[in-house]
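**Student:** Each protein sequence line maps, in turn, to chains A and B. Under the working numbering, the residue at position 87 of the first sequence is numbered 87, and the numbers go up by one with no gaps. Under the working numbering, the residue at position 248 of the second sequence is numbered 248, and the numbers go up by one with no gaps.
Read the hints as simulated data drawn from the structure, not as lab findings. You may find that some hints are simply not true.
[Unchecked claim] Restricting the straight-line Cα-Cα distance to at most 25 Å, the calculated cross-link-like pairs of lysine to any residue (SDA-like) are: (1) A:Lys34 <-> B:Asn61; (2) A:Lys34 <-> B:Arg84; (3) B:Lys69 <-> B:Asp39; (4) B:Lys223 <-> B:Gly166; (5) A:Lys18 <-> B:Met1; (6) A:Lys18 <-> B:Asp4; (7) B:Lys138 <-> B:Thr228; (8) B:Lys69 <-> B:Phe94; (9) B:Lys69 <-> A:Asn7; (10) A:Lys34 <-> B:Ile58; (11) B:Lys57 <-> A:Gly36; (12) B:Lys92 <-> B:Gln150; (13) B:Lys53 <-> A:Pro35; (14) A:Lys34 <-> B:Ala236; (15) B:Lys69 <-> A:Gly53; (16) A:Lys34 <-> B:Thr93; (17) B:Lys5 <-> A:Ser10; (18) A:Lys18 <-> A:Leu4; (19) A:Lys34 <-> B:Ser251; (20) B:Lys138 <-> A:Leu4; (21) B:Lys138 <-> B:Pro107; (22) A:Lys79 <-> A:Ile48; (23) A:Lys15 <-> B:Asp43; (24) B:Lys69 <-> B:Val9; (25) B:Lys5 <-> A:Glu11; (26) A:Lys34 <-> B:Arg89; (27) B:Lys69 <-> A:Pro32.
[To be verified] Covered by chain B, per the in silico footprint, the following chain A stretches (three or more residues, Cβ under 8 Å): (28) 12-25; (29) 39-52.
Quick reminder that beta carbons are idealized off the backbone N, C-alpha and C, glycines included.
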Amino acid sequence: MDQLILNHISETRDKGEKAVLVTIVETRGSTPRKPGSKMLIFPNGRSIGTIGGGCGEAEVRRQALTALDENQSRLYTVKMLNEVAADEGMVCGGVMEVFIQII
Amino acid sequence: MMFDKLLSVMNEGGTVDFLTVIDSSSAELIGQMLIMYSDGRVDSLMDDDITEKITEKITENLRTTTWIKPITFSVEDEQGGTSRIFWDRIEKTFRAVVFGGGHISQPLVQLLSLLDFDVTIVDDRPEFANHARFPGAKRVICDSFRRVLQELTIGEDTAVIIVTRGHQYDLECLRATIGSGARYLGMIGSKKRIREMIHVFREAGVNEELLKQLRAPIGLDIKAETPTEIAVSIAAEVVSVFRGGSGRPLSGYAEVF
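The shape of chain A in the complex, shown without the other chains (with noise of 0.2 Å):
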């Protein structure tokens, strides 16, 4: 894990604030980057560390803030698999599923 990440989250509970941490916990095919790949994104929508960038990215950061919303961790999968995903240019055609968790 990365340290910048783990001072930032150390930081933000320390300040009684929120965020949430997306961590790639499987992939299937080619996928940009691997397991335990994490980004850590604020409430105001900004981030620390990359799972890949691109739509992905952008899809899972999202989801992050509803689960923010909601105050719930959860599981989301991302495919790369689609003709969205090729017409945007997400052109890996994996598959990855990324824990969303709430700290």
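Fit chain B to the given chain A structure using the hints.
**Tutor:** Same frame as chain A, now just chain B:
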């Protein structure tokens, strides 16, 4: 707080396994974490039953296989509920020691720090060994190579890169680090010069296996010419050794074409 505990292990440069419940038939478990320290100690806020199940699973796994990458697995509790667990690990930070603060070292230290290496740079000349010259280095040591070599700890998390200004210094650094167990040991020099050095080491009775591990001439073959290109070639070789890569281009593999 589990994340604070992970942070303190990380700051000490240690290794720790941490497990997160990512899905469960008991909703209150989702997001719960368990930490298993390298001495076997376990930190968990979950009940004893599930803590034990998870601990058993990883202990058994570690006994039969080596940890390669994060994985997920499932456990069943006494009530027949199931939970899916994500197993992740914080590993020791990779370290690099660069001997010689010359024109190759400058871009090299920058690259290595971008690659998240904790970099120590050593040179005996103050105008070469200073923080202004190496902003990316964790430590800049200005002292004789001989003295520094006596004090440095080098282990299997360390890359040793020998690029000093003179062959006598290169030789001194190599002599002191060849049996150190460094994960990567590379030394700069022409093929001819390296051949002579290997000969000297062989004569001195240095183990042939140790000599084979030496990366010299240093770097991958990218026909590097400028100091920065040479630094890229060295950094790429270091990454390939730490990650277990072949150093070959990814294109042209039979499985692709």
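**Student:** Are the hints correct? Go through all of them and say.
**Tutor:** So, going through the hints one by one against the coordinates:
1. A:Lys34 <-> B:Asn61: holds, 21 Å
2. A:Lys34 <-> B:Arg84: holds, 18 Å
3. B:Lys69 <-> B:Asp39: holds, 20 Å
4. B:Lys223 <-> B:Gly166: Holds, because 23 Å separates the two Cα atoms, which is no more than 25 Å.
5. A:Lys18 <-> B:Met1: It holds: about 14 Å lies between the C-alpha atoms, which stays within 25 Å.
6. A:Lys18 <-> B:Asp4: Measuring from Cα to Cα gives roughly 15 Å; hence the hint holds.
7. B:Lys138 <-> B:Thr228: holds, 20 Å
8. B:Lys69 <-> B:Phe94: holds, 16 Å
9. B:Lys69 <-> A:Asn7: holds, 23 Å
10. A:Lys34 <-> B:Ile58: holds, 21 Å
11. B:Lys57 <-> A:Gly36: Roughly 19 Å separates the two Cα atoms, so the pair holds.
12. B:Lys92 <-> B:Gln150: holds, 23 Å
13. B:Lys53 <-> A:Pro35: holds, 23 Å
14. A:Lys34 <-> B:Ala236: Status holds; Cα separation ~20 Å.
15. B:Lys69 <-> A:Gly53: With Cα atoms ~21 Å apart, B:Lys69 and A:Gly53 stay inside 25 Å; holds.
16. A:Lys34 <-> B:Thr93: The hint holds at about 19 Å.
17. B:Lys5 <-> A:Ser10: Holds - the C-alpha atoms of A:Ser10 and B:Lys5 are around 10 Å apart, at most 25 Å.
18. A:Lys18 <-> A:Leu4: holds, 16 Å
19. A:Lys34 <-> B:Ser251: holds, 21 Å
20. B:Lys138 <-> A:Leu4: Roughly 15 Å between the alpha carbons, so the hint for B:Lys138 and A:Leu4 holds.
21. B:Lys138 <-> B:Pro107: Judged against 25 Å, a Cα distance of about 15 Å means the pair holds.
22. A:Lys79 <-> A:Ile48: Distance of about 22 Å is within 25 Å: holds.
23. A:Lys15 <-> B:Asp43: Holds. A:Lys15 to B:Asp43 sits at ~24 Å (cutoff 25 Å).
24. B:Lys69 <-> B:Val9: Distance ~19 Å between B:Lys69 and B:Val9 Cα, so the pair holds.
25. B:Lys5 <-> A:Glu11: Given pair B:Lys5, A:Glu11 holds - Cα atoms ~13 Å apart, limit 25 Å.
26. A:Lys34 <-> B:Arg89: With a Cα-Cα distance of about 14 Å, the restraint between A:Lys34 and B:Arg89 holds, given a limit of 25 Å.
27. B:Lys69 <-> A:Pro32: Given that 25 Å is the threshold and the Cα spacing comes to 16 Å, the pair holds.
28. 12-25: holds (count 3)
29. 39-52: Per the Cβ count (0), the hint is violated.
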